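So the protein lines, in turn, are chains A and B.
Sequential numbering of the first sequence, starting at 1, is according to the numbering used here.
Sequential numbering of the second sequence, starting at 1, is according to the numbering used here.
Calculated directly from the structure, the hints in this document are not laboratory data.
Bear in mind the structure is a predicted one, so any value in this text is a computation, not a measurement.
Any given hint could be a false lead.
Unchecked claim - Derived pair list, reagent style DMTMM-like, types lysine to aspartate or glutamate, alpha-carbon separation capped at 20 Å:
| hint | chain 1 | residue 1 | chain 2 | residue 2 |
| --- | --- | --- | --- | --- |
| 1 | B | 153 | B | 250 |
| 2 | B | 153 | A | 38 |
| 3 | A | 85 | A | 28 |
| 4 | A | 85 | A | 29 |
| 5 | A | 85 | A | 41 |
| 6 | A | 85 | B | 14 |
Unchecked claim - For each label pair, taking beta carbons as the anchor points, the in silico distance ranges come out as:
| hint | chain 1 | residue 1 | chain 2 | residue 2 | range |
| --- | --- | --- | --- | --- | --- |
| 7 | A | 41 | B | 221 | 41 to 47 Å |
| 8 | A | 81 | B | 268 | 54 to 60 Å |
| 9 | B | 59 | A | 78 | 36 to 42 Å |
| 10 | B | 39 | A | 80 | 27 to 33 Å |
| 11 | B | 80 | A | 30 | 45 to 51 Å |
| 12 | A | 53 | B | 124 | 28 to 34 Å |
Positions of the beta carbon are idealized from the N, C-alpha and C atoms, including for glycine.
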Amino acid sequence: MIWTRASGMGRIHSYTTVFQPAVPTFGEDMPMAQVLIELDEGVRMVGNMADVSPEEYREDPALLQISQRVEAVFEDVTPEWTIIKWRRVDEEPVPGSESPADNEWMKDPRFN
Amino acid sequence: MSFRGEAAIIGIGELPTRRTIPGMSVGGLMAQAARLAMEDAHITRDQIDGLITEGGDTFPGFAAEYLGIRPRFGTGSSMMGASGATGVTLASMAVMNGLADYVLVVIAQERNPALPRGIEGFPGPGAEFDFPYGPAAGANTGYAQIYGRHMAKYGTTQDQLAHVAANERANAQGNENAVFNGQPITHEDVINSRYVNYPLRLLECVMPCAGAAAVIVTTAERANASLNKPAYVLGGATALDDFGGMQRPDITVTPVARSAPTAFAMSGYTPRDIQFAEFYD
Numbered sequence: 001m002i003w004t005r006a007s008g009m010g011r012i013h014s015y016t017t018v019f020q021p022a023v024p025t026f027g028e029d030m031p032m033a034q035v036l037i038e039l040d041e042g043v044r045m046v047g048n049m050a051d052v053s054p055e056e057y058r059e060d061p062a063l064l065q066i067s068q069r070v071e072a073v074f075e076d077v078t079p080e081w082t083i084i085k086w087r088r089v090d091e092e093p094v095p096g097s098e099s100p101a102d103n104e105w106m107k108d109p110r111f112n
Numbered sequence: 001m002s003f004r005g006e007a008a009i010i011g012i013g014e015l016p017t018r019r020t021i022p023g024m025s026v027g028g029l030m031a032q033a034a035r036l037a038m039e040d041a042h043i044t045r046d047q048i049d050g051l052i053t054e055g056g057d058t059f060p061g062f063a064a065e066y067l068g069i070r071p072r073f074g075t076g077s078s079m080m081g082a083s084g085a086t087g088v089t090l091a092s093m094a095v096m097n098g099l100a101d102y103v104l105v106v107i108a109q110e111r112n113p114a115l116p117r118g119i120e121g122f123p124g125p126g127a128e129f130d131f132p133y134g135p136a137a138g139a140n141t142g143y144a145q146i147y148g149r150h151m152a153k154y155g156t157t158q159d160q161l162a163h164v165a166a167n168e169r170a171n172a173q174g175n176e177n178a179v180f181n182g183q184p185i186t187h188e189d190v191i192n193s194r195y196v197n198y199p200l201r202l203l204e205c206v207m208p209c210a211g212a213a214a215v216i217v218t219t220a221e222r223a224n225a226s227l228n229k230p231a232y233v234l235g236g237a238t239a240l241d242d243f244g245g246m247q248r249p250d251i252t253v254t255p256v257a258r259s260a261p262t263a264f265a266m267s268g269y270t271p272r273d274i275q276f277a278e279f280y281d
C-alpha cells in the first residue's frame, strides 16, 4: 500500500442524518449530516460537510443531494489536529441520480 | 472441493440471547453452550479433538484451557457476524481432511452495559479515515449509508424495509431463545420509532447482546452412527473485501454475493430449493 496524491474532488455517494451520537462530543450537533464521498480516483471517504452547518442542514436538508460535486477542505481543529471535510462545488447533478428520499422527516413534529 | 457427503452437525447447544447476562463471564457462557452441544451429540468432552472459537477475547487457547480439553486441531474463525457460519465451514474442512474427528464450534458474547463501547484496536486505513468520521459519530452509520444508496439506486422505500424488522420480530415470537421473544412489534411500530440515523430507525438497528451457541461437527461416517439425525453440511464458503464496507464497488452488495454461489455450487442445490433461511440482519 502506498500513498497517492488525490485531486480532492469527488461526489456525494450517499449520506445519512445522524440523530444519536456514539460519543457525547458530537451531541450538540445532532441531528447532523454524515456524507459518504466517492473521490474521482474511486476511493470513498466518510466525512462531514464544511459549508453546511448542522443548523443549515436542519433548515434545508435538500442542501445535500446524492451525486453533488464536492471538494476536500482541511480544518485545523487544534494546532496538532487537522481533519478533512467537504465543500459543495457548482455543477449540475449527474442525470438519473437522485437524492435518497424527499426528506419528509424534517416535517415530522418529533424532530421540530 | 465440496463438503457434500463429508461432514455433518450432530449436536447443538444454544443459550437464550439476552441484552445482558449478569454474573456470567464469556468463558462461562462458552462452557454452558459447549456442554449443551456435547450432551445433545451424546459425546463426552474427551472426544472433542477440534476446537473453533470466534477469536479475540475467546481465542482457542483460552477456550481449551477453560473447557479443560486438549484438542489436536484448533483455530479462530474471526469473521465477526459471519464467524458462526465460517466456524462450521472450517470444522467441515478439518474433519474431511482428518485433522479432527469431533470439532466443537463455540461462539459466545458477554456484554456489560456499564462498560463504555469502543472501536479502538482496529488498525489500518479504516481506523484513520473512516472510523473517526463515521462509526465514531453515530451508531450504525455504515448501514444508513448503504440504506440511502439502496433507496437512490432501486427506489426502495422505508415502508418496504420496515417489513424486514417487523418480520424478524414476528419470527422471534416463535423462538423462546430470541432476545425479543415476548415483545412483538408491528410494521407501524417500526415506522413510528425514532430515527437513529436517517433513514435507519431505532427498531431497524442491530444492538449488542449476550449469549452463546455451539455445534459439534464430525465426519459423515461418524454422523451416520450418531443417535441424532445428522444435519449434513452441504456447502460453505467465505468472501472478504474491505472491513468497513464503504469501498465496495457497490456498497449495496456485500461479499455474500460471492460466497453464496460457491456454497450453492458445492451443495448441488440452488436458491430456489431453499425452504428455510436465516440471515445476519
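Quick rundown of the hints versus the structure:
no., hint, in the structure
1, B:153 with B:250, "10 Å, holds"
2, B:153 with A:38, "15 Å, holds"
3, A:85 with A:28, "18 Å, holds"
4, A:85 with A:29, "15 Å, holds"
5, A:85 with A:41, "17 Å, holds"
6, A:85 with B:14, "46 Å, violated"
7, A:41 with B:221: 41 to 47 Å, "54 Å, violated"
8, A:81 with B:268: 54 to 60 Å, "56 Å, holds"
9, B:59 with A:78: 36 to 42 Å, "38 Å, holds"
10, B:39 with A:80: 27 to 33 Å, "58 Å, violated"
11, B:80 with A:30: 45 to 51 Å, "27 Å, violated"
12, A:53 with B:124: 28 to 34 Å, "31 Å, holds"
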